[in-house]
Amino acid sequence: MLEINNLNVKLKNSDKEILKDLSLLIKPGEVHAIMGPNGTGKSTLSKAIMGHYNYEVTSGKIKFMGEDISSLDVSDRAKKGIFLCMQDPTVIDGVSNSEFIRTAKSEIINEKVNLYTFIKDMESAMDDLSLNKNMLHRSLNKGFSGGEKKKNEILQLKVLKPKFIILDELDSGLDVDSLRIVCKNINDYLEENKDTSVLIITHYPRILEYIKPNYVHILNDGNIKYTGDMKLALEIEKNGYSMINEMIGNGVNE
Amino acid sequence: MSKILYILDNNEKKDYQYSIKEDTIIYHFSINSSSKVSINLDSENVELKYYYNNINYDNNQFNLEVNHLASNTKSYVFNHGVNVGSSKLNYFINGVVLKTSSGCICDQENQIINMSNGKSNISPNLLIDNYDVISNHSAYIGKFRDEVLFYLMSRGISRNESYRLLLNGFLINNDVEKERILPFIEEIKNI
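Sequences listed follow chains A and B, in order. FYI, in the numbering used here the residues of the first sequence are 10 to 263. FYI, in the numbering used here the residues of the second sequence are -2 to 188.
Keep in mind that a hint or two might mislead.
[To be verified] Only pairs whose alpha carbons sit at most 20 Å apart, straight line, appear in this in silico SDA-like list of lysine to any residue:
| hint | chain 1 | residue 1 | chain 2 | residue 2 |
| --- | --- | --- | --- | --- |
| 1 | B | K71 | B | K11 |
| 2 | A | K151 | B | K186 |
| 3 | A | K151 | B | S(-1) |
| 4 | A | K151 | B | N171 |
| 5 | B | K140 | B | L164 |
| 6 | A | K89 | B | R156 |
| 7 | A | K151 | B | V34 |
| 8 | A | K142 | B | N171 |
| 9 | A | K121 | B | R161 |
| 10 | A | K151 | B | L2 |
| 11 | A | K121 | B | N157 |
| 12 | B | K175 | A | S107 |
| 13 | A | K89 | B | N157 |
| 14 | B | K175 | A | K151 |
| 15 | B | K186 | A | S115 |
[Claimed, not checked] Just some of the chain B residues that point at chain A, by a computed CB distance under 7 Å:
| hint | residue |
| --- | --- |
| 16 | D129 |
| 17 | I131 |
| 18 | G139 |
| 19 | E144 |
| 20 | V145 |
| 21 | Y148 |
| 22 | M150 |
| 23 | S151 |
| 24 | R152 |
| 25 | G153 |
| 26 | I154 |
| 27 | S155 |
| 28 | F167 |
Derived by calculation from the structure, the hints in this document are not laboratory data. For glycine and all other residues, C-beta sits at the position ideal for the given N, C-alpha and C.
Use the sequences and the hints to build the structure in full.
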């Protein structure tokens, strides 16, 4: 599904490399988690995959379903089926939530979306997420609480039906009940779309209790230093990231 | 219920004067025009909401003066412009509260989006001569933020379609009767 080979990424207008020779292979249907301390390049990785304008790939390749997407623009990557659930969704005053999602849907399927079907689908998805239906008519993310913003991201996911989902710190700003609802919706989506893959970016293992990863990677200094499974995430919660440094020092799994 | 007025200027220069005696909403749409608007809030407790939406191609200016001539009057002014090409666009926005007018609210928010290398200027003036007044002003000149474009495009919306959404959202208020401003809506497609 997603194949990253020796990826080096830097901020535009800066010489500082953030991702250094990073490689990662995610097969269809797999869930991978990337964990790591602050400032190690986790969010940079998600934005580089999506094609964010602030980052420049200096070498290496990002392949999605066999195709090199490194030179594609952001909307073309999304049309191919990549969805980035953002850590802090952007507020856009004046653009209504419904108009935004309907436009995105029609761009992705490349045909006009029937209004009646669209509203029925949206209302059903909003019920699943316990979202108030008046949010459809409000400006995009304007005045939304942290939980509403994250639920609105998942609402878009349910409507746009991506093949590869990046969850960038999904649990930030979510209370326990909202996190449970959001994760249930993601799990239901994965159950219905078995080939869909997920990349979870997180500091804490709490979200991984709801969305079970096949692999957990530890990112440090712009590269994956260690790979394990859920047990690794729980170990980190218990002992902190310093334990990884000790393991790397011992030459384990690098 | 507020009284609602529509103004649509299309390639012209015009002056307007209003004396407001009841709560009023004015939607002012302007295509490549200059206008000078003077509004007096004459009666106590009246409220004005003024929405100016403007597309500019040449060298134009918009002058708005809201005079709070009575106590407890409120004005909320929102000026949104899109400056296309290398044209010049100037806003002179004055909120005036007299010494004899207490308990007023005098707010203004101004934004001009430069689509390329146009020159824009906003003078957001508050001329307040009374201590018992709430007053705010803001001014932004620039392009649509990159972060906003990234968000829209990350959902599969092309750059052109993203701009269309942003321009419509920026220039057309949710509550307007669209059939009254059809030439303006058509003009947005030409930006």
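Hint by hint, here is what the structure shows:
Only pairs whose Cα atoms come within 20 Å are accepted, and K71 (chain B) paired with K11 (chain B) is rejected, the gap being roughly 25 Å. Note on K151 (chain A) and K186 (chain B): the hinted pairing is violated, with a Cα-Cα distance of about 25 Å set against a maximum of 20 Å. Between K151 (chain A) and S(-1) (chain B), the direct Cα distance comes to roughly 25 Å. Violation of the 20 Å bound is thereby established for this hinted pair. Distance restraint check for K151 (chain A) and N171 (chain B): the Cα-Cα separation of roughly 14 Å lies within the 20 Å cut-off, and the hinted pair is therefore satisfied.
Our distance criterion of 20 Å between C-alpha atoms is met by K140 (chain B) and L164 (chain B), whose separation comes to about 11 Å. Restraint check: the Cα-Cα separation between K89 (chain A) and R156 (chain B) comes to about 16 Å, which is no more than 20 Å; the hinted pair holds. Our distance criterion of 20 Å between C-alpha atoms is broken by K151 (chain A) and V34 (chain B), whose separation comes to about 31 Å. For the given pair, K142 (chain A) sits about 17 Å from N171 (chain B) by alpha-carbon distance, which is consistent with the 20 Å threshold.
Of the supplied pair hints, the one linking K121 (chain A) and R161 (chain B) holds, its CA atoms being roughly 16 Å apart against a limit of 20 Å. Annotation: proposed proximity of K151 (chain A) to L2 (chain B) is violated, straight-line Cα distance about 27 Å (limit 20 Å). Among the hinted pairs, K121 (chain A) with N157 (chain B) is consistent with the structure: their alpha-carbon atoms are about 17 Å apart, no more than 20 Å. With a C-alpha separation of about 18 Å, the suggested pair K175 (chain B) and S107 (chain A) falls inside the 20 Å cut-off, and the hint holds.
At most 20 Å may separate the alpha-carbon atoms for a hinted pair to count; K89 (chain A) and N157 (chain B) meet this at roughly 18 Å. At roughly 23 Å between alpha-carbon atoms, K175 (chain B) and K151 (chain A) are farther apart than 20 Å, so this suggested pair is violated. Restraint check: the Cα-Cα separation between K186 (chain B) and S115 (chain A) comes to about 19 Å, which is no more than 20 Å; the hinted pair holds. About 29 Å separates the beta-carbon of D129 (chain B) from the nearest beta-carbon of chain A, more than 7 Å, and the hint is not met.
At a threshold of 7 Å, the smallest CB-CB gap from I131 (chain B) to chain A is about 21 Å, leaving the interface hint violated. Among the interface hints, the one on G139 (chain B) is violated; its C-beta lies about 15 Å from the nearest C-beta in chain A, farther than the 7 Å criterion. Proximity of E144 (chain B) to chain A holds as hinted, the smallest CB-CB distance being about 5 Å (cut-off 7 Å). For the restraint placing V145 (chain B) at the interface with chain A, the shortest Cβ-Cβ distance is roughly 6 Å, inside the 7 Å limit, so the hint holds.
Annotation: Y148 (chain B) was flagged as interfacial toward chain A, and the flag holds, the nearest CB pair being 4 Å apart, inside 7 Å. Restraint check, M150 (chain B) versus chain A: the minimum CB separation of about 4 Å is within 7 Å; hint holds. A hinted interface residue such as S151 (chain B) counts as satisfied when its beta carbon comes closer than 7 Å to some beta carbon of chain A; here the least separation is about 5 Å, so the hint holds. A hinted interface residue such as R152 (chain B) counts as satisfied when its beta carbon comes closer than 7 Å to some beta carbon of chain A; here the least separation is about 4 Å, so the hint holds.
Look at G153 (chain B): its Cβ gets to within about 4 Å of chain A, closer than 7 Å, so that hint holds up. Interface hint status for I154 (chain B): upheld, as the beta-carbon distance to the closest one in chain A is roughly 5 Å, under 7 Å. A cut of 7 Å between beta carbons decides the hint on S155 (chain B): the least distance to chain A is about 5 Å, and the hint holds. Interface restraint check for F167 (chain B): the shortest CB-CB distance to chain A comes to about 5 Å, inside 7 Å, so the restraint holds.
In summary, the numbered hints that this structure violates are 1, 2, 3, 7, 10, 14, 16, 17 and 18.
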